[in-house]
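Model the full assembly from the supplied sequences, consistent with the hints where possible.
Sequences listed follow chains A and B, in order. Heads up: the first sequence runs through residues 8 to 444, numbered per my numbering. Heads up: the second sequence runs through residues 0 to 450, numbered per my numbering.
These aren't lab readings, by the way, just hints derived from the structure by calculation. Check before you lean on any hint, since a few could be wrong.
[To be verified] Result set (BS3-like, lysine-lysine): computed pairs, CA atoms no more than 25 Å apart in a straight line:
{"no.": "1", "chain 1": "B", "residue 1": "LYS259", "chain 2": "A", "residue 2": "LYS157"}
{"no.": "2", "chain 1": "A", "residue 1": "LYS279", "chain 2": "A", "residue 2": "LYS157"}
{"no.": "3", "chain 1": "B", "residue 1": "LYS355", "chain 2": "B", "residue 2": "LYS447"}
{"no.": "4", "chain 1": "B", "residue 1": "LYS447", "chain 2": "A", "residue 2": "LYS341"}
{"no.": "5", "chain 1": "A", "residue 1": "LYS383", "chain 2": "B", "residue 2": "LYS22"}
{"no.": "6", "chain 1": "B", "residue 1": "LYS259", "chain 2": "A", "residue 2": "LYS341"}
{"no.": "7", "chain 1": "B", "residue 1": "LYS115", "chain 2": "A", "residue 2": "LYS369"}
[To be verified] Computed, partial: chain B to chain A, Cβ under 7 Å:
{"no.": "8", "residue": "GLU147"}
{"no.": "9", "residue": "THR253"}
{"no.": "10", "residue": "PRO257"}
{"no.": "11", "residue": "ARG378"}
{"no.": "12", "residue": "ALA445"}
[Claimed, not checked] Pair by pair, the computed Cβ-Cβ distance ranges are:
{"no.": "13", "chain 1": "A", "residue 1": "LYS232", "chain 2": "B", "residue 2": "ASP114", "range": "20 to 30 Å"}
{"no.": "14", "chain 1": "A", "residue 1": "ASN150", "chain 2": "B", "residue 2": "THR412", "range": "51 to 61 Å"}
{"no.": "15", "chain 1": "A", "residue 1": "GLN254", "chain 2": "B", "residue 2": "ASP114", "range": "48 to 58 Å"}
{"no.": "16", "chain 1": "A", "residue 1": "GLU31", "chain 2": "B", "residue 2": "ASP218", "range": "32 to 42 Å"}
{"no.": "17", "chain 1": "B", "residue 1": "THR412", "chain 2": "A", "residue 2": "LYS141", "range": "35 to 45 Å"}
{"no.": "18", "chain 1": "A", "residue 1": "LYS141", "chain 2": "B", "residue 2": "GLN437", "range": "33 to 43 Å"}
{"no.": "19", "chain 1": "B", "residue 1": "SER274", "chain 2": "A", "residue 2": "ALA349", "range": "39 to 49 Å"}
We put the beta carbon where it would ideally sit given N, CA and C, even for glycine.
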Amino acid sequence: MNFKLIGFILLIVSQASFATAKIEHWQTSQGSRVYFVQADALPMADIQVVFDAGSARDGQQFGLAALTSGLLDTGAGQWNADQIALRFESVGANFGTGVSSDTASLSLRTLTEPALFDKALETMHVILTKPLFKKADFLREKNRTLSAIKQREESPAEVANLAFSDKLYGTHPYAHPDSGVMATVKNLKESDLAQFYKKYYVTSNAIVVIVGNLSKQQAEQTAEKLLAGLPTGQKPEPLPDVAMPTQASEQHIEFPSTQTHVLVGLPGSYRKDPDYYNLYVGNHILGGSGLVSKLFSEVRGKRGLAYSASSSFAPMLKPGPFTVSLQTRNDQTKQAVEVLNATLKDFINKGPTQAELDAAKKNIIGGFPMRFDTNKKLATYVAMIGFYDLPLDYLDTFRQKVEETTIASITDAFKRRVNTELLQTVTVGNSATAVAK
Amino acid sequence: MNARLLCAAMLCLPILSAIAEPKVAEHVLANGLKVLVKEDHRSPVVVSQVWYKVGSSYEPGGITGISHMLEHMMFKGTDKHPAGEFSRIIAENGGDENAFTGQDYTAYFQTMAADKLEVSMELEADRMRNLHLLPEELKKELQVVTEERRMRTEDNPQGKMQEHFNAMAYSNSPYKHPVIGWPTDIANYTVPDLQEWYQRWYAPNNATLVVVGDVKAEDVFALSEKYFAPLKTSDIKPLKPQNEIEQLGLRRMTVKVPAKLPSIVMGYKVPVLKSAEQEWEAYALEVLAGVLDGGSSARLSSGLVRGKQIAVAAGAGYGLTSRLPDLFELEATPAEGKTLVQMETALKAEVTKLQKNLVSDEELQRIKAQVLASAVYERDSNFYQAMQLGMLETVGLGWQKADEYVAKVNQVTAAQVQEVAIKYLIEDHLNIAYLEPQAINKTTTAKKGGA
Numbered sequence: 008m009n010f011k012l013i014g015f016i017l018l019i020v021s022q023a024s025f026a027t028a029k030i031e032h033w034q035t036s037q038g039s040r041v042y043f044v045q046a047d048a049l050p051m052a053d054i055q056v057v058f059d060a061g062s063a064r065d066g067q068q069f070g071l072a073a074l075t076s077g078l079l080d081t082g083a084g085q086w087n088a089d090q091i092a093l094r095f096e097s098v099g100a101n102f103g104t105g106v107s108s109d110t111a112s113l114s115l116r117t118l119t120e121p122a123l124f125d126k127a128l129e130t131m132h133v134i135l136t137k138p139l140f141k142k143a144d145f146l147r148e149k150n151r152t153l154s155a156i157k158q159r160e161e162s163p164a165e166v167a168n169l170a171f172s173d174k175l176y177g178t179h180p181y182a183h184p185d186s187g188v189m190a191t192v193k194n195l196k197e198s199d200l201a202q203f204y205k206k207y208y209v210t211s212n213a214i215v216v217i218v219g220n221l222s223k224q225q226a227e228q229t230a231e232k233l234l235a236g237l238p239t240g241q242k243p244e245p246l247p248d249v250a251m252p253t254q255a256s257e258q259h260i261e262f263p264s265t266q267t268h269v270l271v272g273l274p275g276s277y278r279k280d281p282d283y284y285n286l287y288v289g290n291h292i293l294g295g296s297g298l299v300s301k302l303f304s305e306v307r308g309k310r311g312l313a314y315s316a317s318s319s320f321a322p323m324l325k326p327g328p329f330t331v332s333l334q335t336r337n338d339q340t341k342q343a344v345e346v347l348n349a350t351l352k353d354f355i356n357k358g359p360t361q362a363e364l365d366a367a368k369k370n371i372i373g374g375f376p377m378r379f380d381t382n383k384k385l386a387t388y389v390a391m392i393g394f395y396d397l398p399l400d401y402l403d404t405f406r407q408k409v410e411e412t413t414i415a416s417i418t419d420a421f422k423r424r425v426n427t428e429l430l431q432t433v434t435v436g437n438s439a440t441a442v443a444k
Numbered sequence: 000m001n002a003r004l005l006c007a008a009m010l011c012l013p014i015l016s017a018i019a020e021p022k023v024a025e026h027v028l029a030n031g032l033k034v035l036v037k038e039d040h041r042s043p044v045v046v047s048q049v050w051y052k053v054g055s056s057y058e059p060g061g062i063t064g065i066s067h068m069l070e071h072m073m074f075k076g077t078d079k080h081p082a083g084e085f086s087r088i089i090a091e092n093g094g095d096e097n098a099f100t101g102q103d104y105t106a107y108f109q110t111m112a113a114d115k116l117e118v119s120m121e122l123e124a125d126r127m128r129n130l131h132l133l134p135e136e137l138k139k140e141l142q143v144v145t146e147e148r149r150m151r152t153e154d155n156p157q158g159k160m161q162e163h164f165n166a167m168a169y170s171n172s173p174y175k176h177p178v179i180g181w182p183t184d185i186a187n188y189t190v191p192d193l194q195e196w197y198q199r200w201y202a203p204n205n206a207t208l209v210v211v212g213d214v215k216a217e218d219v220f221a222l223s224e225k226y227f228a229p230l231k232t233s234d235i236k237p238l239k240p241q242n243e244i245e246q247l248g249l250r251r252m253t254v255k256v257p258a259k260l261p262s263i264v265m266g267y268k269v270p271v272l273k274s275a276e277q278e279w280e281a282y283a284l285e286v287l288a289g290v291l292d293g294g295s296s297a298r299l300s301s302g303l304v305r306g307k308q309i310a311v312a313a314g315a316g317y318g319l320t321s322r323l324p325d326l327f328e329l330e331a332t333p334a335e336g337k338t339l340v341q342m343e344t345a346l347k348a349e350v351t352k353l354q355k356n357l358v359s360d361e362e363l364q365r366i367k368a369q370v371l372a373s374a375v376y377e378r379d380s381n382f383y384q385a386m387q388l389g390m391l392e393t394v395g396l397g398w399q400k401a402d403e404y405v406a407k408v409n410q411v412t413a414a415q416v417q418e419v420a421i422k423y424l425i426e427d428h429l430n431i432a433y434l435e436p437q438a439i440n441k442t443t444t445a446k447k448g449g450a
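Take a look at the structure:
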C-alpha cells in the first residue's frame with residue numbers, strides 16, 4: 008500500500024540493533040568471514056554479501072565500482088535481466104545491489120520456505136559468480152548513469168554535496184561521487200567492469216551476513232553455496248590516508264534556487280576511531296538528535312531560519328565527513344551561517360553541559376533496543392560490524408562506552424578532531440536574491 | 000514454467016497460516032477514542048501513534064496547508080508543558096518521535112522502550128485538547144514551514160511539476176491542493192485560524208490511538224482510559240462530499256522550470272476502495288499497477304527501460320486506500336535522444352496493451368507471490384503495521400481491511416484487470432504534464448581559501 012504524506016518534522020535517524028542479539032561468526036572454506044544471527048519469529052531471511060569494492064576503489068575511473076555493481080543482475084549465467092528479475096519476484100524475493108565509498112554489496116530478502124529460498128539463493132549465487140557484462144546491457148546502464156549524473160545538477164542539495172566532498176577530500180578517493188562524473192563514465196568500457204569484478208569480487212575480500220529463520224547449519228550451507236566458485240583472490244591494498252585540509256575555505260556556487268544550501272565541515276571519524284564514542288555522544292548533543300539538538304534549537308526552534316539543521320559524523324574505513332548543514336532562504340544565508348558557526352564554535356570551546364550530557368545518555372541508552380528492533384536494522388548493524396571488523400560484542404558494550412563519556416572527554420575529543428581553523432564551507436544558492444532583499 | 004511458478008506462489012500460503020497472524024484488539028472509550036493494539040513480542044519496544052481524521056483534503060480555500068501547520072504547532076507547548084518540552088521528555092526517555100500530514104490524515108508517533116509507553120500516552124493526551132497556540136511561536140514556525148516548502152517544492156523540479164499537475168487534474172476535489180499549502184495561504188495563517196482548526200478536529204471522537212509492540216492489550220486499554228478518558232469530545236460535523244465532477248476530455252500542460260532532464264506524468268481519474276462501484280475494481284487496479292511496475296520484471300522496466308530503451312526511469316502508482324477518488328499515475332524520464340512525445344506514445348501503448356490483451360498467468364502469479372511475501376516482510380516492522388491500521392481506520396475503511404488485502408488481491412483475475420483498464424484508463428479522463436527543463440546557469444567562486 009502507498010502512503011502519500013509529507014511533513015516528517017525531521018527524518019528519523021535509525022542507528023543501531025536486538026539487545027540480546029547473538030552474532031555467530033565463522034569463516035567459509037574459502038576464507039570469507041560469515042556473520043549470522045538466528046531470528047526465528049518470521050519465516051524470512053536477510054542475506055548480504057559485502058566486498059571492499061566501493062567507489063574508493065575506482066582509481067581514476069570514477070563510477071567504475073557503481074556501474075560494475077549495477078550490471079551484476081542484468082545478465083548472469085544463462086539468464087538475461089528479465090529472467091533474473093522474474094526468478095526473484097516470482098518467489099516474492101527482493102534483491103538489490105549497491106555501492107558506497109567503502110563497499111559494494113548484494114542484498115537479498117527472501118522467505119525461508121525451502122522451494123522459494125533455494126530458487127532465490129541459486130539466482131543470487133549465479134549473479135555473484137557468473138555475471139556477463141554484455142555490451143548491450145553495459146551501454147544501456149551507462150546511459151542511465153549519465154542521465155542520473157546530469158539530473159543531480161538540477162538539485163542544489165546535490166550540487167552542494169559534490170562540491171563539499173571535493174573540498175574535504177581533494178585527491179583522496181573519497182572525493183568523487185559513487186556514480187562518477189560525466190567525463191569518466193563516458194570513457195568506461197565493459198571490459199573495465201569485467202576486470203574490476205575479477206579483481207575485487209573474490210572470497211578473500213568478501214563477508215557474508217545472514218539474519219533470519221535458519222539454523223546455524225543452514226546458514227553455514229547458505230554461505231558456502233553462495234560463494235562457491237568465486238576465486239580466492241587477494242585482499243586489496245589499504246586505502247590511502249586522508250590528509251586534513253591545510254586552511255579553511257569558503258566556496259559559493261551560484262544557483263537559481265530560492266534557498267541557499269550550506270555545508271560546513273572537514274574529514275571526521277573512522278570506524279575504529281578511539282575517539283568514536285566521544286565524538287558520537289558529543290555530536291548527538293550538537294546536531295545529531297533531531298528535534299532536541301543544539302543546532303536544531305538555535306537555528307530552527309529559536310529563530311525559524313531553516314526546516315532542518317543538523318550535524319553528523321559518517322565513520323568509514325578512513326575518516327568520513329563531519330558535516331554541519333542547513334538550508335535557508337537566500338537573503339538570510341549570512342545570518343544562518345553565523346548562527347551555525349557560533350553554535351559549533353561555542354560547543355567546541357565549552358563542550359556540553361552536564362544536563363545536556365545526561366539527557367543525551369538517557370536518550371541513547373534508553374533508546375538502545377530500538378536500534379535493532381527489526382531484522383532489517385539488525386542486518387545493517389551486523390554488516391557494519393562484519394565489514395569494519397569491529398568486536399563481536401560491539402552491541403553488548405555500546406551502552407557502557409556511551410556511559411563512560413564525560414564532559415571532559417567529549418570536549419577534548421572535539422577540540423582535537425574538529426579544528427575550526429580548517430573548516431570547509433560550501434554554499435549553493437542565488438546570491439542576487441540575497442542582495443536584492 | 001507456469002506450473003512451477005504457480006506452485007511456488009501457493010507454497011507461501013501454508014507459511015502464512017503456520018505463523019498465526021497476531022490479532023488486533025480494539026477498545027473504544029466512552030468519549031469515542033478508538034484504541035487499536037497489536038502485540039508483537041519480538042523486541043522490548045513499542046510504537047504509539049495518534050491519528051486524527053484531518054488532512055489537506057479537509058481544508059477550504061484560503062487556509063490550505065493548515066493541517067500541516069498545526070502539526071508543526073503541536074510541538075509548541077500546552078498548559079502543562081512549555082514549547083519544546085514534549086520533545087525533551089520523549090528524548091530523555093529514550094524515545095524517537097515525529098509527525099506527518101497527508102491528504103487524509105495527520106498523525107503523531109513515538110517509538111520507545113516498551114515500559115515507557117505511559118510517558119507518550121500522557122503527553123499525547125495532554126496535547127490533544129490543551130495546546131497553546133502562541134503568536135510568537137507561530138511567527139517562527141511559519142518561517143520554518145515556508146523553508147520546508149522551498150525545499151520540497153520551489154527548488155525541486157519534480158515536486159513543482161506534481162503540484163501544478165494536481166492543480167490541473169482536479170476540478171473541484173480538494174486533492175487539487177498541495178498538502179503543504181499554497182504560498183499565500185501559508186503566509187496568512189493567523190492564531191485564530193489554527194485555534195479554530197484545532198478545536199474542530201483534535202478530539203478523542205475524531206482520533207485513533209494505535210499501539211504495536213511488546214505490550215499487553217489490556218494494559219494499553221487501561222492506560223488509555225487513565226489518560227484519554229477525561230478528554231472532552233468535539234461536535235464533529237460530517238465533511239461535505241466535494242465529489243469531483245466528471246472530466247470531459249484530455250487535459251495537458253507544460254511546466255517550465257530550471258532542470259536538467261525532461262519528464263512526463265500522466266494521470267487517469269480512477270475509483271479507490273471507498274468509491275468503487277464494486278470493491279474488486281480497486282484491487283484489480285492495484286494488480287494492474289503491479290503488472291506495470293511491481294518490480295524489475297514488470298512491464299515498464301522490462302519493456303520501456305530495458306527493451307525499447309525509451310526511458311531511463313519509468314513508474315506507475317495507485318493508492319487504493321485514499322479517502323476520495325484518486326489518479327492512477329504513470330511517470331517517466333525519457334532516455335537521451337528520446338522525446339516526451341515518444342515517451343507519451345510508449346506509455347499509452349502499454350495502456351492499450353492492457354486493454355486489448357489479458358495479462359499472462361506468469362505476471363499474475365508473480366504479483367500474488369510478491370503480495371504474499373510482503374505480508375510476511377511487513378511484519379518485520381511494528382511501525383509499518385501501525386501505519387497500516389491507523390491509515391485504514393482514519394480514511395474510514397476500517398482497520399479490518401488490512402487482513403483482507405492478500406485474499407482480495409489473490410481473487411483478481413486477468414479478465415478483471417482488462418476490464419478496469421478498458422473502463423477507467425480512458426483518454427477523456429487523462430491528464431498529462433510535460434516538464435520542460437530551463438537552463439541552469441551555475442557559476443563557482445572561491446570567497447576564501449583554496450581553489
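Cross-check of the supplied hints:
{"no.": "1", "hint": "LYS259/B x LYS157/A", "verdict": "6 Å, holds"}
{"no.": "2", "hint": "LYS279/A x LYS157/A", "verdict": "36 Å, violated"}
{"no.": "3", "hint": "LYS355/B x LYS447/B", "verdict": "64 Å, violated"}
{"no.": "4", "hint": "LYS447/B x LYS341/A", "verdict": "15 Å, holds"}
{"no.": "5", "hint": "LYS383/A x LYS22/B", "verdict": "23 Å, holds"}
{"no.": "6", "hint": "LYS259/B x LYS341/A", "verdict": "28 Å, violated"}
{"no.": "7", "hint": "LYS115/B x LYS369/A", "verdict": "12 Å, holds"}
{"no.": "8", "hint": "GLU147", "verdict": "4 Å, holds"}
{"no.": "9", "hint": "THR253", "verdict": "17 Å, violated"}
{"no.": "10", "hint": "PRO257", "verdict": "5 Å, holds"}
{"no.": "11", "hint": "ARG378", "verdict": "6 Å, holds"}
{"no.": "12", "hint": "ALA445", "verdict": "5 Å, holds"}
{"no.": "13", "hint": "LYS232/A x ASP114/B: 20 to 30 Å", "verdict": "42 Å, violated"}
{"no.": "14", "hint": "ASN150/A x THR412/B: 51 to 61 Å", "verdict": "38 Å, violated"}
{"no.": "15", "hint": "GLN254/A x ASP114/B: 48 to 58 Å", "verdict": "52 Å, holds"}
{"no.": "16", "hint": "GLU31/A x ASP218/B: 32 to 42 Å", "verdict": "35 Å, holds"}
{"no.": "17", "hint": "THR412/B x LYS141/A: 35 to 45 Å", "verdict": "37 Å, holds"}
{"no.": "18", "hint": "LYS141/A x GLN437/B: 33 to 43 Å", "verdict": "38 Å, holds"}
{"no.": "19", "hint": "SER274/B x ALA349/A: 39 to 49 Å", "verdict": "54 Å, violated"}
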